[in-house]
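Sequence order for the protein chains is A, B, C and D.
Counting along the first sequence from 1, when you hit position 41 you're at 41 in the numbering used here, and nothing is skipped either side.
If you want the numbering used here, it's the position in the second sequence, counting the first as 1, plus 1000.
If you want the numbering used here, it's the position in the third sequence, counting the first as 1, plus 2000.
If you want the numbering used here, it's the position in the fourth sequence, counting the first as 1, plus 3000.
Warning: the hint list may mix true and false statements.
As the list claims (entries may be wrong) - Only part of the chain B face toward chain D is listed, based on derived beta-carbon distances under 8 Å:
| hint | residue |
| --- | --- |
| 1 | H1023 |
| 2 | S1298 |
| 3 | I1299 |
| 4 | Q1302 |
Hints were generated in silico from the structure; no laboratory data involved.
C-beta atoms are modelled at their ideal positions from N, C-alpha and C, and glycine is treated no differently.
For reference, the chains in residue letters:
Protein chains: 4
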Amino acid sequence: MDFAYSARCNDYLARVGAFMDKHVYEGDEIYERQHQAFGPEGRWKVPPIIEELKAKAKAEGLWNMFHPNPKFGPGLSNADYAPVAELTGRCHIAPEVFNCAAPDTGNMEVLMKYGTPAQQEEWLQPLLDGKIRSAFLMTEPQVASSDATNIETDIRRDGGDYVINGRKWWSSGAGDPRCKIYIVMGKTDKTAPTHAQQSMILVPANAKGVKIVRHLPVFGYDDAPHGHMEIVLENVRVPKENMLLGEGRGFEIAQGRLGPGRIHHCMRTIGAAEVALEKMVKRLLTREAFGKPIYKHSIWEQRVAEARIDIEMARLLTLKAAWMMDTVGNKAAQAEIAMIKVAAPRVALRVLDDAIQAHGGAGVTTDFGLARAYASLRTLRLADGPDEVHCRAISKVEFKKHSNAA
Amino acid sequence: MDFAYSARCNDYLARVGAFMDKHVYEGDEIYERQHQAFGPEGRWKVPPIIEELKAKAKAEGLWNMFHPNPKFGPGLSNADYAPVAELTGRCHIAPEVFNCAAPDTGNMEVLMKYGTPAQQEEWLQPLLDGKIRSAFLMTEPQVASSDATNIETDIRRDGGDYVINGRKWWSSGAGDPRCKIYIVMGKTDKTAPTHAQQSMILVPANAKGVKIVRHLPVFGYDDAPHGHMEIVLENVRVPKENMLLGEGRGFEIAQGRLGPGRIHHCMRTIGAAEVALEKMVKRLLTREAFGKPIYKHSIWEQRVAEARIDIEMARLLTLKAAWMMDTVGNKAAQAEIAMIKVAAPRVALRVLDDAIQAHGGAGVTTDFGLARAYASLRTLRLADGPDEVHCRAISKVEFKKHSNAA
Amino acid sequence: MDFAYSARCNDYLARVGAFMDKHVYEGDEIYERQHQAFGPEGRWKVPPIIEELKAKAKAEGLWNMFHPNPKFGPGLSNADYAPVAELTGRCHIAPEVFNCAAPDTGNMEVLMKYGTPAQQEEWLQPLLDGKIRSAFLMTEPQVASSDATNIETDIRRDGGDYVINGRKWWSSGAGDPRCKIYIVMGKTDKTAPTHAQQSMILVPANAKGVKIVRHLPVFGYDDAPHGHMEIVLENVRVPKENMLLGEGRGFEIAQGRLGPGRIHHCMRTIGAAEVALEKMVKRLLTREAFGKPIYKHSIWEQRVAEARIDIEMARLLTLKAAWMMDTVGNKAAQAEIAMIKVAAPRVALRVLDDAIQAHGGAGVTTDFGLARAYASLRTLRLADGPDEVHCRAISKVEFKKHSNAA
Amino acid sequence: MDFAYSARCNDYLARVGAFMDKHVYEGDEIYERQHQAFGPEGRWKVPPIIEELKAKAKAEGLWNMFHPNPKFGPGLSNADYAPVAELTGRCHIAPEVFNCAAPDTGNMEVLMKYGTPAQQEEWLQPLLDGKIRSAFLMTEPQVASSDATNIETDIRRDGGDYVINGRKWWSSGAGDPRCKIYIVMGKTDKTAPTHAQQSMILVPANAKGVKIVRHLPVFGYDDAPHGHMEIVLENVRVPKENMLLGEGRGFEIAQGRLGPGRIHHCMRTIGAAEVALEKMVKRLLTREAFGKPIYKHSIWEQRVAEARIDIEMARLLTLKAAWMMDTVGNKAAQAEIAMIKVAAPRVALRVLDDAIQAHGGAGVTTDFGLARAYASLRTLRLADGPDEVHCRAISKVEFKKHSNAA
């Protein structure tokens, strides 16, 4: 047993940390200013600073660190990447700067694993190069998508093409003008066994029949220009070569995609929780009430301590899940991944809520970014499967240990 | 002991309910559409529907129901008004439609209690008539305003005038173009005993030196055109007649103001929680997952039951506090008011969080109003004193029961 | 709406309070000393003080206050009795002193409502007179008794008799040598519709075939001489006249019994929570740590305040449920009774846990009675239906409001 | 980073596991039976099975595994011992069987670190050999011992002796007839600086003036023959050579002792939580309610999953603290030790409470050991410093990171 980060991990931590100190935190402010300067009608334009920073990060080799395969980047193990990802979770634009942002990472994962050489050349390469961005069209407004078998989008073979009809929402990133490719989940055969009805298919964002209906604010934030979009697919026609892996194998792909995607979110969530704790502590140190500094009021001692404890525990579980992905594989690490998917946002939201309380009115407004982080992390209790579904999966493992009935 | 609402209360409940069914719920949608139609640059304009509805409500005598004194309206007791206020809490625009909205009610309370006839004629009457709106300038960004003795705004006598300097924020409602008068808390004598330094003074919104610096979004919502503003007061000069009650009596006024204001918020909060529970239940009834309707998953049975239990308890405590204000007076009801100030938002936030979870992605976006309600109610754990301060006050009562040291 | 206790309630509160101050609190200590003096082999004997105090209470007319029907006692309404019951909840022996103790009250209720004149003469009258005690044999160790349809005890007609076979546990009070009569729930017809299989029948404690197998400690408390017994019924034969109400009507009786029984427990639970809060406050006032009295540490301000808030809310809900029983009947008050059945123990356990923490090591041992109260109240989350079953029932009401499917 | 247990750890896990399967679980039942057979007057006698099992364990080299120094046993690192300790936490008698039980381990630690050769020969060696047992006399009933500077026991030099006067309680293990030596904390100089007043001194259990006043039950459990005793020291005279380390160095010793002691408790607590989860799962698998197995009710899916998540996280934090003790030392690991001291009992109590609920009435009684485990672990939130004190310490570290004032 060894809780120390590896030399390689520490090296990347140091380099990413230095890069962030030098460029990214300041870049985040520039990004905000540039975005503000576009005015209300320019919210869906991309502030130019982002591409400048991407170029710099790429030049320094801090690029595509998310994938363990050295073919695609430095090839950090999940365990080595986890602390790096945590670091990028401290700053809004950081993941994109290093080309490690959702949903691109998950979509690249799919293309790496299941894409044909042609599909990889056309879509994976530009994603790896940071030239385009992508979206994942899964959730549908009309059904409980927590149970993915409910999905209704229709993918029908028609000669050499597939024709797609459906309505998707929470297609995050589809608001970005650089978003060029969608991975769409739908049903190719509603008469097949429950888990063999679904397929995934590649749909270019500019395909005829693709209509972005609206953006979905998260609490009051539009998250522009990234955005979470509602998209109607009306008789969208793509060549049959766009099918991923084969008809009826959508569930298999979904499984392969979600593990890494979930854990990256969790790693960054730990980083966000650390920032919240730091801000809470700093705030408490600077204010007085009822005759003494607020940090000396014991209610805050308790809350700060609980935040620290919870963060430490959530981090360790995240690291362990990452290590298991490296050592026994994503599938065998499924229960642990589900656990942190539940635990990390829960911990971070609790810390954030206390941090908000510590800041008084400043906590709920924009000045410290706490309310925005809260809103953003609240969605993680729903995205990629709500807590209840993950808890269901975790419990099944426990029940199976003691029964062949469960 | 009698838990039944009085005949008078039931009569007003029926009339307000009918009025809301007929005009207000639909009006709320019209309001949103009109506001949207103004476009991004018109966010701080007031949708015309609101004044139309106010005129109708006034015509039907559903006006100024918030105050027990029949001089100012129908003169409902607090206990009779509480269920009516709860009803208005179900709908965003309702409180204003009936001229029962914060912060006007609290400000009118101050003017009724402590205003001179001249002050009443100039500011109270137009407020009672719904012709103008008002703001309350208390909290300051630089200090922990949870301890009101920290407040730094300077009010200095200069001949026949007072000259005011300071920076205020969370001045809710000051974004509204109809907002014409501010009640400002500041210090007239920093050498006086701790609770005799503060004074309250009337400052017209258009006074020279008043500068609205920015609006403070709440979890991304600007709450326009109402708004929560940051305001700089720079050498603002008002005649000495604008002083309320007398120099050094600001704390006394604050006490008198806050009781009713807090309880009205709590009453409406119960209404908001009821709406959230209703929405949660309806949603659960309409979706299926894993082979059965979601409402049949026992985790939701527990959450719905807990919501119902918590709402019932919080409502009863609110009603009791209202009844005590009627029977033993606002001062003797102080502990109970503090209790619901803590309990009501806490309960409502818990119900809302579960309701969000029940709605999946729809919960965090605008479609069901849940995220917005969450954001708005989260501020109630800070506004008019954070939970910690109220708990401190409640605990002091308990400690005093068993000690003369505490 | 009127939150004031009635004059009659206040009169009984004053009289019961005075009687407790004069006799019962001291009696409680005498009871403990007498019980201790019996030594380990005398744990199931009854300390004589209890009958002395019963005689006194009866003489002062503070007797059988639990039932609203004046035929059986003073005939206090449920709402008037609730605060009195709360008062008796402050002291271990008090309920019995006033002949208002479980499970006798519930069993008397059954005999009042469903007993024949002969059954009433033989068993109800001595119970009303405090001459005997009783037990209720419902729960069974082999099945999930949370779903009462699972109950397996067999009641078979045999000529002019019924023959009963089964195993019961948590038969509280059956340890007391004065316990002379059991009400037993079992099945007379396993082929009948689900809710018509059960019957209730009277079984004298000394009937042949009744075997008390053991007592069940609660945490480590034997609760002697009351006790919670496991009882085997082996070919126990009773005359057919012992059947209550008629074969197949056991569920109906259970419903009629449980409402009042549950609410009495809740009323007393509020009293127990009040005592815990008092003890917590007193302890905090007397100790110092880290340079100041512990009550000045703000973590305790929060906990004391939360205890006060929770107790107030739980009390109000209990009172409302009682008032509904008086005004609309036990059946219509079912949801409210379920709510307090869940809420009251939860609140009391939270307060007790904090009180334990406030007392340090003294909290978990016998000196302040806190651990014992905790153990005892923890069973209330299971007795008379576990929380989950009550929450299920409460949620059904909510679902039904918005659907005819639920 | 490596989450795998070392080969050495796995070896000991396997051997201890096999030994437990073969001897200890069954031994636990024998122990209970032998103890019961002593009758009420024999509760403070030690069932003979324990010494038989100790001899066996010693023979197999599964002895004194708690200490990293190979001079005293196999010399497992803390990280290697942690999973072994967890295993022993599954069974009541296991820690003692392997001579790894509190408070002996902590007391041996003190003697190893601070004992003179003579002290070691007289007391350490027999403890290492399992020939005697020991107690630690720290907490006092009259003062808030959470702040150890409050301690009042007087240790006064008198010629070649020290004379000790004071009252101690929660002297765990002092009920055991084999308990021969106490380590006593007291004050040698009340005028010295706050943390230099205290000393620790060795007091033989049979010294004149030592009077065991009573045993303190924990939630009704006497924990005999171990016991938690209240002890009066009245003019107890010991030779000056019994002083540990030197006058005024009691705090230093307390610091050195508590780290390992705390973490051993936490390790075992994880084991107890695992057992509770197992029992909960097994129970849920075997019962039906409302038409389906209880484990299929989704409320239990959530609770089981939360238990699993919380246990995993608490275990990882415990392991990390152990690893830090090995790598950076007990002092540098102080914050982490404080964290698990708070987290582990909290997690275990939550799991136990749910497990109790899952078992219905069987949960609160003796049949499954859950209530007893709850009672025992509840004391851990108080023993060796209450949660509040550890949280205070943890928060100080956080505040210091961002300030030199804190």
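Hints that the structure is at odds with (numbers, increasing):
Of the numbered hints given earlier, the structure breaks just one, which is hint 1.
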